[in-house]
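Take a look at the letters that make up each chain.
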Amino acid sequence: MITCLGDIFRPEAGVATVRLLRRLGVQVEFPEGQTCCGQPFFNSGYPKHAQDVARHTIEVFERVAVDAIVVPSGSCAAMVKVEYPALFHDDAQWHGRATELASRAHELTDFLVNVLGRDDVGASFRGKVTYHFACHLRTLGLKDEAVRLIRAIRGVEYVPLEGLEDCCGFGGSFAVRFPEISGAIVHDKALAIVRTGADAVVATDAGCLMNIAGRLHRIGSNVRALHLVEILA
Amino acid sequence: MSTTYAQHEHTDFTGASLEALETPTLQSALARLGVTLAAGNRAAWGALPGSDELRERARQIKDDALARLDELLVQTEDAVRRAGGYVHWASDVAEARRIVLEIARERGVKCIVKSKSMTTEEIHLNPALEEAGIEVVETDFGEYIAQAAKQRPSHLVAPIIHMTVEQVAEVLSNHLKQDLPPDASTLAKAARAALREKFRTADMGITGANFVVAETGTICIISNEGNARLTSTVPPIHLAIAGIEKVIPRLADLPVFLKLLARAATGQKMSVYTSLITGPRREGNRESAVGSSVENAAASGALLPTAGSLFPELDGPREFHLIFLDNGRTKILGSSYRESLYCIRCGACLNACPVYRKVGGHAYGGVYAGPIGAVLTPLYDGLPDYPLLPHASSLCGACQTACPLKIAIPHMLVHLREDLHRESEMVEAESLIYSLCKLGLRWPRLYRIGAWLTTRLFGGRAGGWFKSLPGPFAGWTHARDFPAPARRTFREQWESLNGESDRGAKP
Numbered sequence: 001m002i003t004c005l006g007d008i009f010r011p012e013a014g015v016a017t018v019r020l021l022r023r024l025g026v027q028v029e030f031p032e033g034q035t036c037c038g039q040p041f042f043n044s045g046y047p048k049h050a051q052d053v054a055r056h057t058i059e060v061f062e063r064v065a066v067d068a069i070v071v072p073s074g075s076c077a078a079m080v081k082v083e084y085p086a087l088f089h090d091d092a093q094w095h096g097r098a099t100e101l102a103s104r105a106h107e108l109t110d111f112l113v114n115v116l117g118r119d120d121v122g123a124s125f126r127g128k129v130t131y132h133f134a135c136h137l138r139t140l141g142l143k144d145e146a147v148r149l150i151r152a153i154r155g156v157e158y159v160p161l162e163g164l165e166d167c168c169g170f171g172g173s174f175a176v177r178f179p180e181i182s183g184a185i186v187h188d189k190a191l192a193i194v195r196t197g198a199d200a201v202v203a204t205d206a207g208c209l210m211n212i213a214g215r216l217h218r219i220g221s222n223v224r225a226l227h228l229v230e231i232l233a
Numbered sequence: 234m235s236t237t238y239a240q241h242e243h244t245d246f247t248g249a250s251l252e253a254l255e256t257p258t259l260q261s262a263l264a265r266l267g268v269t270l271a272a273g274n275r276a277a278w279g280a281l282p283g284s285d286e287l288r289e290r291a292r293q294i295k296d297d298a299l300a301r302l303d304e305l306l307v308q309t310e311d312a313v314r315r316a317g318g319y320v321h322w323a324s325d326v327a328e329a330r331r332i333v334l335e336i337a338r339e340r341g342v343k344c345i346v347k348s349k350s351m352t353t354e355e356i357h358l359n360p361a362l363e364e365a366g367i368e369v370v371e372t373d374f375g376e377y378i379a380q381a382a383k384q385r386p387s388h389l390v391a392p393i394i395h396m397t398v399e400q401v402a403e404v405l406s407n408h409l410k411q412d413l414p415p416d417a418s419t420l421a422k423a424a425r426a427a428l429r430e431k432f433r434t435a436d437m438g439i440t441g442a443n444f445v446v447a448e449t450g451t452i453c454i455i456s457n458e459g460n461a462r463l464t465s466t467v468p469p470i471h472l473a474i475a476g477i478e479k480v481i482p483r484l485a486d487l488p489v490f491l492k493l494l495a496r497a498a499t500g501q502k503m504s505v506y507t508s509l510i511t512g513p514r515r516e517g518n519r520e521s522a523v524g525s526s527v528e529n530a531a532a533s534g535a536l537l538p539t540a541g542s543l544f545p546e547l548d549g550p551r552e553f554h555l556i557f558l559d560n561g562r563t564k565i566l567g568s569s570y571r572e573s574l575y576c577i578r579c580g581a582c583l584n585a586c587p588v589y590r591k592v593g594g595h596a597y598g599g600v601y602a603g604p605i606g607a608v609l610t611p612l613y614d615g616l617p618d619y620p621l622l623p624h625a626s627s628l629c630g631a632c633q634t635a636c637p638l639k640i641a642i643p644h645m646l647v648h649l650r651e652d653l654h655r656e657s658e659m660v661e662a663e664s665l666i667y668s669l670c671k672l673g674l675r676w677p678r679l680y681r682i683g684a685w686l687t688t689r690l691f692g693g694r695a696g697g698w699f700k701s702l703p704g705p706f707a708g709w710t711h712a713r714d715f716p717a718p719a720r721r722t723f724r725e726q727w728e729s730l731n732g733e734s735d736r737g738a739k740p
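Chain order of the listed sequences is A and B. So in this note's numbering, spot 78 of the first sequence is number 78, and the numbers just go up one at a time. Just add 233 to wherever you are in the second sequence, counting from 1, and you've got this note's numbering.
In short, the hints are calculated from the structure, not lab data. Model, not experiment: these values are computed from the prediction. Take these hints with a grain of salt, some might be off.
Listed below are several chain B residues computed to face chain A (Cβ distance under 8 Å; list not exhaustive) [unchecked claim]: (1) G317; (2) Y319; (3) E651.
Computed list of chain B residues with no C-beta within reach of chain A, every gap over 12 Å [unchecked claim]: (4) D303; (5) S406; (6) Q633; (7) L646; (8) E663; (9) L674; (10) H711.
A virtual CB, placed ideally from N, CA and C, is assigned to each residue, including glycine.
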């Protein structure tokens, strides 16, 4: 599942995901009917709309016979794994179908570390790298999977980020509704990133990356904001 | 903050939060939260073996207690009466105030000492008492300062977290007409000296209750300063106010919550003072009664003597009153916000919240601040008055992770957003946009055209970064640039990517 933000704003993360998975011996399909997971509707309080989009996503992925659905975005993965079944709690048929999809869906780092059992994916990247923990990984019960992957990359010097697990202030419509508050939160995050002296900050969510990169660019920092998979591929 | 946002409740979240962001003293005070209270909370969970099981256990107890709340409340009333106390029922804030005022008037009360209680804030007790000509003195150090500064508490357990020590010194110097230095220990000593006299002479002590135990009619109050113990024992009348959701079934359930509350609030293993109060003083011969009571207690398996065999208690107030406040809680009980009644008011969600840590407690406008406040204030005081609070969250989930009861605060905020669409007409335009987007997402061909158009129109434009966006998206570029979309979507690249695999890894 490539996600809508990934499709339009960060296709390089999708490309990197495909190449990495293939390198690890995984056969990859891309069901072209997929659009968006419906998270914006769910978060904004439109559960009926979210259900409609979820039904579409479920149908699209039911049509492909694959063992796992890999999502290179924590928030979309959380939407599918946690919220889809809950959205259909009073509809037995769709609840079952949602649960089936949820059981096959994995956030990318979860899939690499916990399903494939690979901390070391054979990547190399030259430079000092810091990492921002995307909030939805917490929803998924994930902990240090990404850090383990980063530490195993050849040539990387990993610098832990102060306030690693603090939200970057994105929050979808939150960033637009409360620009000053969101801006103040992401400013703190950008400063913490700059203080590490890293060449690049990596994260696992296109939303966080858009926010963090946008602030880094605004304050004239040359720290690159990359999807983790871009340095794993 | 020196303005009215700190003094009076309000519904101007936007104005108050903007002012908060521009107040340097507040920002430096809030910035410490992440490394003080929030870090203490995280460390405390880490250091407590089986903390997750304990938190689950607490959830079960609350779930059970709420499922038979009616029965437990009646049980509590019986137990308090047997112990010689009075129980009063207040369906709303006005009734709660009326009950307190009646009790105070009938007994000629002129001066009241109070220990920290958010429930008394909820019913706006102090202004009502003052209007009736009764002196009220807050005795928690932070509340004492807040009262002197004519401000509202800005945090559930750290009421003046928004102030610097210099500001506290200024407030206290003015209040006590002394020249006090900005030194925490000196300030605390000055306040204590002034408060001792109030404790000695007050006619009534008012407290909240952290927990109310149904089987024994015992209220439990915890504090770090000892003021709750003085408030509840020195004056001749003790009046406690508790929300009906504070009831737990058994005394044996209490340790579960005591272990969680102090860790969640301050990172302490236990608060300095834990008071268990069962009724007022009781005359009798302590020596002879103790033996028989202990036997009875042992026989019933209870830690405290059961009905009819209460220990004599020669100290404490002559009268004990317990007021149970509903104020909308019964309605919440049967709703999707039921879990909000699990809240034990520890403040852990505030300390963990990125939004609270930027805007502080006064910005939220109601009595309860932070993530749980963004749920409780609309529920207690009306969603139409607080339409922004459910949105004042990035839904990062740090609140739920920090919460000792794991309350699903983000879910409740999302649910409130849904309720908002039903109760407000303001959002019709937004609703239309969402409906149109949904249509596009249900039809892959439409989505594909939209994505293609976006990349062709804007892909790689403006050197890759837009400095300002129009209309509803203008907020984004207030503090950050917006990345231009890619020149080609992923799906356009899929075919060539697939070709790669034909030559490469695909078996």
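Consistency of the hints with the structure:
Using the Cβ-Cβ criterion of 8 Å, the hint placing G317(B) at the interface with chain A is not satisfied: the shortest such distance is roughly 48 Å. Here the hint on Y319(B) is broken, as its CB sits about 44 Å from the closest CB of chain A, past 8 Å. Of the supplied interface hints, the one on E651(B) holds, with its beta-carbon coming within about 4 Å of a beta-carbon of chain A, less than 8 Å. Consistency note on D303(B): stated as away from chain A, and its beta-carbon is indeed over 12 Å from all of that chain's, at 27 Å minimum.
With a cut of 12 Å on Cβ distances, S406(B) stays outside the contact zone with chain A, its closest approach being about 32 Å. Not every Cβ of chain A is farther than 12 Å from the Cβ of Q633(B); the closest lies at roughly 9 Å, contradicting the non-interface assignment. With a least beta-carbon separation of about 9 Å from chain A, L646(B) fails to lie farther than 12 Å from that chain, contradicting its non-interface assignment. A Cβ of chain A approaches the Cβ of E663(B) within 12 Å, the least distance being about 8 Å, so the stated non-interface status is violated.
Distance to chain A contradicts L674(B) as a non-interface residue, since its nearest Cβ pair spans about 4 Å, not more than 12 Å. At roughly 4 Å from the closest C-beta of chain A, the C-beta of H711(B) falls inside 12 Å, breaking its exclusion from the interface.
Hints 1, 2, 6, 7, 8, 9, 10 from the list above are not met by this structure, while the remaining hints are.
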